[in-house]
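**Student:** Now for the letters of each chain:
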Amino acid sequence: MRSAPYDVVIVGAGIVGAACADELARRGMRVAVVDREMIGGGATAAGMGHVVVMDDSEAQFALTRYSQRLWQALRAELPDDVEYDQCGTIWVAADDEEMAEVRRKHEYYGGRGVPTQVLDTRELKTLEPNLRDGMAGGLLVLEDVVLYPPCAARFLIERAQKHGAELRLGVSVAKIGRREVLLSNENSIAGKIIVNAGGAWATALTPEVEIKKRKGHLVITDRYRGFLSHQLVELGYLKSAHSVTSDSVAFNVQPRRTGQILIGSSRQYGAEHKEVDQEILRRMLMRAQEYMPGLSSMSAVRTWTGFRAATADKLPLIGPWPGDESLFLATGHEGLGITTSLGTAKLLADQITGSNPEIPIGPYLPARASEECAHAE
Amino acid sequence: MPNEITLRVNGADVSVPEGVTVAVAMVMAGAACRASVSGEPRGPLCGMGICFECRVSINGRAHCRSCQIACEPGMDVRTDE
Chain P
-19 MRSAPYDVVI
-9 VGAGIVGAAC
1 ADELARRGMR
11 VAVVDREMIG
21 GGATAAGMGH
31 VVVMDDSEAQ
41 FALTRYSQRL
51 WQALRAELPD
61 DVEYDQCGTI
71 WVAADDEEMA
81 EVRRKHEYYG
91 GRGVPTQVLD
101 TRELKTLEPN
111 LRDGMAGGLL
121 VLEDVVLYPP
131 CAARFLIERA
141 QKHGAELRLG
151 VSVAKIGRRE
161 VLLSNENSIA
171 GKIIVNAGGA
181 WATALTPEVE
191 IKKRKGHLVI
201 TDRYRGFLSH
211 QLVELGYLKS
221 AHSVTSDSVA
231 FNVQPRRTGQ
241 ILIGSSRQYG
251 AEHKEVDQEI
261 LRRMLMRAQE
271 YMPGLSSMSA
281 VRTWTGFRAA
291 TADKLPLIGP
301 WPGDESLFLA
311 TGHEGLGITT
321 SLGTAKLLAD
331 QITGSNPEIP
341 IGPYLPARAS
351 EECAHAE
Chain E
0 MPNEITLRVN
10 GADVSVPEGV
20 TVAVAMVMAG
30 AACRASVSGE
40 PRGPLCGMGI
50 CFECRVSING
60 RAHCRSCQIA
70 CEPGMDVRTD
80 E
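Respectively, the protein sequence lines represent chains P and E. For the first sequence, position 114 matches number 94 in our numbering, and the numbering has no gaps at all. For the second sequence, position 76 matches number 75 in our numbering, and the numbering has no gaps at all.
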């Protein structure tokens, strides 16, 4: 039996797919979401849940800030288990060179309405006494948030369902495009528009998309209440995370509501297996201990990995895919998918419904990637 | 009779026979070892270091398995959060 086509069929029930379903359903569209596993079972469950404003580029800033404001607006509606906590981020500067970056960031954010505070050595030590002595200082970004992504994704899916969206889990998709989602069991779902929100697996369904899997590791400790109060990220991260070739680790720790501490981070290309890589894990934990020696005596209760969907220019792919007018992309969010899911959903829905977006959409259009390919040939 | 030693459990002195574990001292003091995430009191279950239910803070260090650690004079033991 073939049903009447949906307005939009979204492939992928991660936080990006969930946010898109919610936005489109609330705009009155008939939406279906399919996922081969569960809600938020991929990068959504693997990531930290750090809603963070970033400034690698103007376009990255625009999307992260826009999205952060959408999270702020949603806060009152979020269930308790989303664990929304505006604990703020401190970018930790180890030396004078990184302190110069603190001041640059302070200017940049301040000029764009993002409240920040420059911390000297003593102020940093007061806010986070378990950092090692001798740090140069840091930048406190007051409106950054920590949340628990799988529950946020579930909330968005449930809200979409209240607006008529249909959810099909445990459904493996073989092929998409030309107004159709073909399932592995040979059934199909018809949609006027198909959205590939498959994260790092988007290339399995749209092979021409230039996305690479970028593997990450995380560790969560037992409960140590009071040890950590803000999300702390080393400014050296700006050096390591930008390397597109080599494996890198960075000090990046997050306080959870339970008192547990989430310890990251690592970035690896070309590592397709999901098993924990002991050497990278060792480097990551050594780096964390350099910044917070007290971590070394803590008990870790779990270690896991996940795959970020990385694009060449560090910006997501949001919009129509050239060559198939029924196919849209919402993927390529790398390490910022939790943050930018809400902005992505708005921008995608604006394009689908012909509304004016609140921020310029150009930098995120998938066409930019295919143009780059064309130029390279 | 073994010698008695004295340690503190949640701020109160407790005397125990030398050689017993901290889990025993917690039982003698009538104290829970820890609280679960939802706040339930927890104590030793397996008694052999596997279940992690008997964790306590010892001398400021959290999450020590009380069933695996012998009491020492002057030890400061507290119910874990």
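The set of hints was computed from the structure by calculation and includes no laboratory data. Watch out, some of these pointers could steer you wrong.
[As the list claims (entries may be wrong)] Ranges of calculated distance between the beta carbons of each label pair, as one might list FRET restraints:
no.	chain 1	residue 1	chain 2	residue 2	range
1	E	M47	P	E81	18 to 28 Å
2	E	V19	P	L149	25 to 35 Å
3	E	L44	P	S209	30 to 40 Å
4	E	G73	P	S37	39 to 49 Å
5	E	S35	P	G334	33 to 43 Å
[To be verified] Chain E is faced by these chain P residues, among others (derived, beta-carbon under 10 Å):
no.	residue
6	T238
7	P273
8	S277
9	V281
10	T283
11	I341
Note that the structure is a prediction, hence the values are computed from the model and not measured. Heads up, the beta-carbon is just placed ideally off N, CA and C, and yes, glycines get one too.
**Student:** For every hint, state whether the structure bears it out.
**Tutor:** Consistency of the hints with the structure:
1. E:M47 x P:E81: 18 to 28 Å: Check failed, 51 Å falls outside 18 to 28 Å.
2. E:V19 x P:L149: 25 to 35 Å: Since the Cβ atoms of E:V19 and P:L149 sit about 52 Å apart, the hinted range of 25 to 35 Å is violated.
3. E:L44 x P:S209: 30 to 40 Å: About 33 Å separates the Cβ atoms of E:L44 and P:S209, which means 30 to 40 Å holds.
4. E:G73 x P:S37: 39 to 49 Å: Hint violated: Cβ distance 59 Å, outside 39 to 49 Å.
5. E:S35 x P:G334: 33 to 43 Å: Check failed, 52 Å falls outside 33 to 43 Å.
6. T238: Holds: closest Cβ of chain E sits about 6 Å from P:T238, inside 10 Å.
7. P273: Violated - the Cβ of P:P273 stays beyond 10 Å from chain E, reaching only about 14 Å at its closest.
8. S277: 7 Å, holds
9. V281: 9 Å, holds
10. T283: At about 16 Å, which exceeds the 10 Å cut-off, the nearest Cβ of chain E leaves the hint on P:T283 violated.
11. I341: 43 Å, violated
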